[in-house]
Amino acid sequence: VSDDLRYVLDLEALRALVQRYARAADARDYDAMAELFHPDAEIDGLWGASPLDEYLDRLRTTPAAYDQSMHTLGDPLVELEPGADVASLDTYAVVYQLASREDGSNATMGMRYFDEVERRDGRWRIRRRRTEMRWVTK
Amino acid sequence: VSDDLRYVLDLEALRALVQRYARAADARDYDAMAELFHPDAEIDGLWGASPLDEYLDRLRTTPAAYDQSMHTLGDPLVELEPGADVASLDTYAVVYQLASREDGSNATMGMRYFDEVERRDGRWRIRRRRTEMRWVTK
Amino acid sequence: VSDDLRYVLDLEALRALVQRYARAADARDYDAMAELFHPDAEIDGLWGASPLDEYLDRLRTTPAAYDQSMHTLGDPLVELEPGADVASLDTYAVVYQLASREDGSNATMGMRYFDEVERRDGRWRIRRRRTEMRWVTK
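Residue numbers (our numbering), protein chains in the order written: chain G, 15 to 152; chain B, 15 to 152; chain X, 15 to 152.
Heads up, a few of these hints could be off.
The list makes no distinction among identical chains, and a pair is therefore deemed to hold if it is satisfied within one copy or across any two copies.
[Claimed, not checked] Simulated pairs of lysine to any residue, SDA-like, Cα-Cα distance not exceeding 20 Å: (1) K152 with R134; (2) K152 with L60; (3) K152 with A78; (4) K152 with N120; (5) K152 with S64; (6) K152 with Y80; (7) K152 with Q111; (8) K152 with Y44; (9) K152 with V15; (10) K152 with S119; (11) K152 with D17; (12) K152 with R126; (13) K152 with A121; (14) K152 with A101; (15) K152 with D24; (16) K152 with S16; (17) K152 with A63; (18) K152 with T122; (19) K152 with V109.
Worth flagging that the hints you see were computed from the coordinates, not collected in a lab.
Turn these sequences into a full structure, and let the hints guide you.
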């Protein structure tokens with residue numbers, strides 16, 4: 015496989031990686047979510063920075079404020095040198111949170127995901143994610 | 015063309031297929047829509063499952079409840095073995111329905127399209143679509 | 015590089031081009047925005063048709079009505095003959111305008127970007143953009 019072909023194959027793998035994240039998050043399937051990160055990954059999100067395990071534990075044990083979510087993602091803007099094993103992704107997301115159990119309201123959030131990804135053993139996963147909440151409407 | 019190159023060419027063709035669907039739906043161009051499905055396709059949507067012809071007839075003869083629509087799609091998550099002639103697509107969509115003739119209100123729907131697609135005579139089309147409405151806000 | 019491989023590399027470059035536009039617009043970085051167009055480009059937008067320089071000057075000198083924006087884009091539908099140096103893009107966009115300084119309200123716009131792009135000196139840029147506002151909700 016040439017470097018050029020490897021490059022487009024890698025872009026497709028990275029695009030699928032963030033789409034899989036959306037589906038795991040919306041299904042609240044935290045085992046599927048864990049598969050998308052390297053075990054030593056760090057997530058810097060709404061709760062500050064934490065290692066992957068802590069982050070997932072917190073998701074698993076925190077009662078969901080909303081009945082369901084839908085993570086709609088734009089195409090990631092990818093910085094990748096052809097042939098490299100690391101890349102940076104910048105993904106726009108609009109996250110719909112729906113039908114709160116507590117007060118019946120909805121929330122829509124404008125997010126931006128900044129991911130550092132790495133290929134290990136032939137497989138791309140996230141090693142660091144920083145999320146930025148740009149706006150929220152209720 | 016190698017299997018790897020065929021794979022990325024197929025992903026691009028499938029991506030364009032769902033984008034063409036959005037444009038045909040928003041233009042209410044049901045002939046253009048028909049071109050995206052195999053003649054024996056089945057659509058399992060808001061009205062239950064029906065063959066393509068019945069589904070299109072119903073679209074053609076039902077007065078539109080809204081003046082215009084905009085089908086915004088996320089990138090499809092595609093399951094495709096390199097070289098295969100069948101694939102599965104899972105596409106997130108936010109559908110805006112605007113300016114109702116009846117009551118002036120708008121509706122926004124969170125949808126998910128599950129497509130089984132097949133290449134026949136070198137051309138990818140949908141042979142089965144199942145749609146899932148996840149939420150609607152008015 | 016074969017024509018088929020060139021084709022998918024070009025699609026990736028064009029996809030990144032429109033994603034870079036979203037980021038430049040949201041950062042109000044008009045120098046970064048200028049880099050995405052050929053110097054002789056024309057933009058036919060909300061203010062009518064104008065050359066790139068006039069358009070950018072107007073953006074630079076017009077006080078922003080909103081505090082921030084988020085341009086979320088669907089995947090562009092690309093018309094490109096393998097090996098060609100020109101292409102047409104049709105991109106759906108939902109543009110969120112937020113936290114108006116004037117009246118505190120938000121606006122969401124359904125847009126469609128029609129871009130004619132050209133490769134010069136090995137680099138794709140926009141030579142003509144026509145924007146269509148399909149709807150706006152406040």
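Give the relationship of K152 and T122 under a CA distance limit of 20 Å: within one copy only, between copies only, both, or neither.
both (6 Å within a copy, 14 Å between copies)
Intra- versus inter-copy proximity for Q111 and K152 (alpha-carbon distance at most 20 Å):
Answer is both; intra-copy 9 Å and inter-copy 15 Å each pass.
Between K152 and S64, at a C-alpha cutoff of 20 Å, which is it: within one copy, between copies, both, or neither?
Classified as neither; 27 Å inside a copy, 38 Å across copies.
Is it within, between, both or neither when you check K152 against S16 at 20 Å Cα-Cα?
neither (49 Å within a copy, 50 Å between copies)
Alpha-carbon proximity between K152 and R126, which holds within one copy, between copies, both or neither at 20 Å
Classified as within: same-chain Cα gap 18 Å, cross-chain 23 Å, threshold 20 Å.
Intra/inter-copy verdict for K152 and R134 if alpha-carbon distance must be at most 20 Å:
For K152 and R134, neither the intra-copy (41 Å) nor the inter-copy (46 Å) Cα distance is at most 20 Å.
Within a copy, between copies, both or neither: which one fits K152 and V109 at a CA-CA cutoff of 20 Å?
both (12 Å within a copy, 17 Å between copies)
Up to 20 Å between alpha-carbons, please classify K152 paired with L60: within, between, both or neither.
within (17 Å within a copy, 28 Å between copies)
Is it within, between, both or neither when you check K152 against A78 at 20 Å Cα-Cα?
The answer is within: 17 Å in one copy meets 20 Å, while 24 Å across copies does not.
When no copy is named, should K152 and D24 be tagged within, between, both, or neither for a Cα gap of at most 20 Å?
neither (37 Å within a copy, 40 Å between copies)
Taking 20 Å as the upper bound on the Cα-Cα distance, should K152 and N120 be classified as within, between, both, or neither?
So K152 and N120 pass the 20 Å test inside a copy (6 Å) and across (12 Å) alike.
At most 20 Å between C-alpha atoms: does K152 with A63 qualify within a copy, between copies, both, or neither?
So K152 and A63 fail the 20 Å test inside a copy (26 Å) and across (35 Å) alike.
Comparing the model with each numbered hint stated earlier shows that hints 1, 5, 8, 9, 11, 14, 15, 16 and 17 do not hold.
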